[in-house]
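Protein chains in written order, with our numbering: chain W, 230 to 761; chain E, 5 to 443.
It should be emphasised that the hints constitute simulated quantities derived from the structure, not laboratory data.
In silico DSBU-like cross-links for lysine-lysine, where the CA-CA straight-line distance does not exceed 35 Å:
| id | chain 1 | residue 1 | chain 2 | residue 2 |
| --- | --- | --- | --- | --- |
| 1 | W | 420 | E | 390 |
| 2 | E | 175 | W | 706 |
| 3 | W | 715 | E | 421 |
| 4 | E | 409 | W | 706 |
| 5 | E | 111 | E | 375 |
| 6 | E | 285 | E | 324 |
| 7 | E | 355 | E | 409 |
| 8 | W | 689 | E | 85 |
| 9 | E | 175 | W | 270 |
| 10 | W | 708 | E | 355 |
| 11 | E | 375 | E | 390 |
| 12 | E | 390 | W | 299 |
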Amino acid sequence: MLMYRRQITKIIIFMSATLASALSWSIVNIGEDLELEGYVKAYNIIKNGASLFHDGELTHQRNTAQLEGKYYFLRDGELFNRFSAGPIDEATFTFLGRAVYDAAYDIRDSYDVLNDRGKEEYKIREAFVDIVMAPFSLRLGRQQVVWGETDNFRALDVINPLDRTWHGTRESWEDIRIPLWMARGIWDIGKIATFDETFLEIILIPDDFQANKVATKYPRPWAFRGIGLQDEDANSVLIGNTLHDLNVTVIDGAPDERKFSNMQGGFRFKGIWNDIDFSINYFHGFSQTTGVKVRSAGLDNLGAFNTVVETVNPRINVFGVTASFSEDRYTQSVFRLESTITSGVPVAIAPGAPHRANPNGNSFDTARQSVVMVGVDRPTWIPALNSLRTFFISTQFFWRRYLDYNNYYRGSFYDVRPAVVNGSTVPDHFVSVNEDKIDQDEFVITFSASTSYGAAGLWKPLFVFAYDPRSTGAYNKIKMEYLYSKHLVFAAEQHLYWRVSGSDQGPWGLGSYLGESGIRRNETVFTATYQF
Amino acid sequence: MKKHILSRLKRFTKISAALAATMFLWTPALLQANEDQSYQGLRDWINNSRPGTQSAVPGQHFSEKDRESILEALIPQAAWKYYFFDDMDMEIAATRQYGVPDDWGKKMSRDYKLDESGTLIDFTGGGFPFKEINADDPYAGQKVIWNMLWRPGSNDYDMPMVTWLRSEDGKLDRVMEYTSTNATYARGDHSLVPGYEDVKSKQIMEFRSPRDMAGAKDMSIRYVDHHRENSGWLYMPAQRKPRRTLASERTGELMGMDMIREDSMGFGGKIFENNWTYLGKRKVLATINVKTNPEFGGPSQWVPHKARWEVRDTHVVLVKPKSDDHPYSARIIFVDAETYWTHWMFAFDKKDDQLLRMNQHFLKYSDDYDKEPPQQASYIKQDFSKSVGHHVFLHLGQVDINAKKPHATMTHCFTNKKEFTAARAKQFYSLRSMISGRR
Chain W
230 MLMYRRQITK
240 IIIFMSATLA
250 SALSWSIVNI
260 GEDLELEGYV
270 KAYNIIKNGA
280 SLFHDGELTH
290 QRNTAQLEGK
300 YYFLRDGELF
310 NRFSAGPIDE
320 ATFTFLGRAV
330 YDAAYDIRDS
340 YDVLNDRGKE
350 EYKIREAFVD
360 IVMAPFSLRL
370 GRQQVVWGET
380 DNFRALDVIN
390 PLDRTWHGTR
400 ESWEDIRIPL
410 WMARGIWDIG
420 KIATFDETFL
430 EIILIPDDFQ
440 ANKVATKYPR
450 PWAFRGIGLQ
460 DEDANSVLIG
470 NTLHDLNVTV
480 IDGAPDERKF
490 SNMQGGFRFK
500 GIWNDIDFSI
510 NYFHGFSQTT
520 GVKVRSAGLD
530 NLGAFNTVVE
540 TVNPRINVFG
550 VTASFSEDRY
560 TQSVFRLEST
570 ITSGVPVAIA
580 PGAPHRANPN
590 GNSFDTARQS
600 VVMVGVDRPT
610 WIPALNSLRT
620 FFISTQFFWR
630 RYLDYNNYYR
640 GSFYDVRPAV
650 VNGSTVPDHF
660 VSVNEDKIDQ
670 DEFVITFSAS
680 TSYGAAGLWK
690 PLFVFAYDPR
700 STGAYNKIKM
710 EYLYSKHLVF
720 AAEQHLYWRV
730 SGSDQGPWGL
740 GSYLGESGIR
750 RNETVFTATY
760 QF
Chain E
5 MKKHILSRLK
15 RFTKISAALA
25 ATMFLWTPAL
35 LQANEDQSYQ
45 GLRDWINNSR
55 PGTQSAVPGQ
65 HFSEKDRESI
75 LEALIPQAAW
85 KYYFFDDMDM
95 EIAATRQYGV
105 PDDWGKKMSR
115 DYKLDESGTL
125 IDFTGGGFPF
135 KEINADDPYA
145 GQKVIWNMLW
155 RPGSNDYDMP
165 MVTWLRSEDG
175 KLDRVMEYTS
185 TNATYARGDH
195 SLVPGYEDVK
205 SKQIMEFRSP
215 RDMAGAKDMS
225 IRYVDHHREN
235 SGWLYMPAQR
245 KPRRTLASER
255 TGELMGMDMI
265 REDSMGFGGK
275 IFENNWTYLG
285 KRKVLATINV
295 KTNPEFGGPS
305 QWVPHKARWE
315 VRDTHVVLVK
325 PKSDDHPYSA
335 RIIFVDAETY
345 WTHWMFAFDK
355 KDDQLLRMNQ
365 HFLKYSDDYD
375 KEPPQQASYI
385 KQDFSKSVGH
395 HVFLHLGQVD
405 INAKKPHATM
415 THCFTNKKEF
425 TAARAKQFYS
435 LRSMISGRR
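Input sequences plus hints: build the corresponding full structure.
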């Protein structure tokens, strides 16, 4: 009975959004002060085999209903159209709620072991009040704040963590950022000396820390399980030629949000100097990438290897600058630049590292990291391919460097492998190995091109390419979106992972290992969206 | 008898066949003459076709039957294909003289000039830069366009808009709702915001629907120095941050609409990127002071129907892009000789000199808003009485047709005059406004 009720509730949630939208031809207005919009989306992902379209397997049938609303409760200095609001010019309340149901969990028997983790989500993702009192404005509530000029890589865009559980970082980051409760105040300064359009922005996150979310449990299709066996967990340790059972105790060492000293915050000063947009940014927060400190490790009397590890999110300090410049005469391009220095980045230290590389003996360290991103955007005519509209071409070169590097730094790729003793595989015993050696310098290049076709531009292709020149790992996305009507949008896309040579995994999640059996993230995606 | 009938039948068949063949041979030529959309065709029309003695009389309603006798001389030839249709209805109003704002021309800087490319130097607004247009002046074409670019009413409004994109068969492909808000900074002897004397105007445009575009927001700044490129930023909700845009790209179609940025109000580009010829004055029909936002008619539902038109004197300007890569071989613009608002624009394909794009504009005099207000947008109610007394024209919409696709974009603007205080303008038209949006 309860199950039926839940099913009915789900149907009502999804249908109500659809019915509401059918009454209007765009945003739904309720009175003059409340606006509603949103969408219902059916998202179907089929993972392919190593070769395209081979051995397809449905991994997601994810249905999302999103409702967004804005309530204008203070306009032109009048609260609720009645009361004078003094110096406050305008105020609005915005909310964004999302309901998700992934039918693949009910379709696939193999997902039963997941106990519905990842099957549903019902959340008010964002809810904030905007108050404008010139020259000040304030946004209070659960929100996203995005800094920086980089697309889809983390440098200054580190204020909100990411939910990578269901589709890695392959979705629009607007949908996978985890909104946080915070205050964002802006003082619009304007002209100062030779600077134009300047403003100072201060953000304060009093008590809401969340780490990036990553799925680890098999068979979630985007579980983060390294490149070894996907369906087994390590249960053994090989010391010398002896195999020991492994017992791991994990202590959650995430920062206590209630402590005043654990507040996060930062500022941005932005303006224009000689036609160059620039910003200076500082953020004092916690690493959203979780590190692991080994508290203790050793054999007990029964010969089992017991280890106690603590997950930690160290303090980070991010200092960054950005710039963008539109060069109209010679290159007809917009140049983007972003550079950061971050302290407190967690790294693992390889087992067996000498004392100088692992002075605390806990296989954990924090590093300073710098990032330089140079990007170019260019609307480009390719008349042979499109005589009506330009292609928007955007390319980025992203360079990350560990400033206080040591050779024993290891990344997060742990491989689970069958335990092998004296050349023989031991049944039902698996060991974990980290061979993900971090390079001091890491590079990635991205390229994207988009345009539109058809008399009304309703066909919108997108091509994305990312390439790591060191590991030679690459990724392509080819997408075609069709705006069938004002309400209905269809999309088909293909994700492909490949490499030029070698077997290095690289740090970016690129390369053919992601397409090979076991992981298989070459995906074909079909989406139908009803928007209003 | 039977033989006689058979002979007459044969004769009838022969004559019918001959007539049919003649019709078959002549019809394309007739059609071609009627639908000539070539550059040369429009030049010939400008030079040769003149309204006759039987001209438009106020209060008359014209239909398709008045086409040859009256309308062909008053509607530019390249537009005939769209503007003449079976149940067409054009109401004719008396040609009026319209007033200008009280302080128009009284607070202008006098120290301005044209450089050798015809670019206006050191002009800061407050009036028309050129009071007289002399046909013999080699810079007459540029001067007409400078007057158009600095005309009263070109900024300082709230403009909610609805745009319909339609195929030739009348199928509605897309509807968009968006709002443009715009302020003149350069006001002759002062700037709206002290310290921003280099800025001509600022504009923020935000999309409201469809949902895949809702919340997208664009801010652009035009500068007093025409040689300085405009600045632009785009906020996309999916990115939650602004992005600098390249303002100098003005020749690609925008968001599926049948216009390019350079087509804005007939000409929205850079003067020095073109060669200019003044083609003289010409009377045309114009929707200069429509009762309200006009309905659309014709077989494709592309053009104003049952609208009020006026016979207007226009300056005709020929613009030829200097760049070999430009899609147009030529552009011909009809600019009102009194108000300097653009009525018609025709742009010809570089490949074959045939019509590629055209636009035609619907205007309303602000002081008539009290008697005949424009429509209210479906998504916002405005107090149109704010517009009365400003003595300016406000843009109520336009038609943009791409003749080659063929496809059209029709827009209704629900424009209301808006005056910003310096403090509010500084706050509203700032980069700070571009770092967040609807979501």
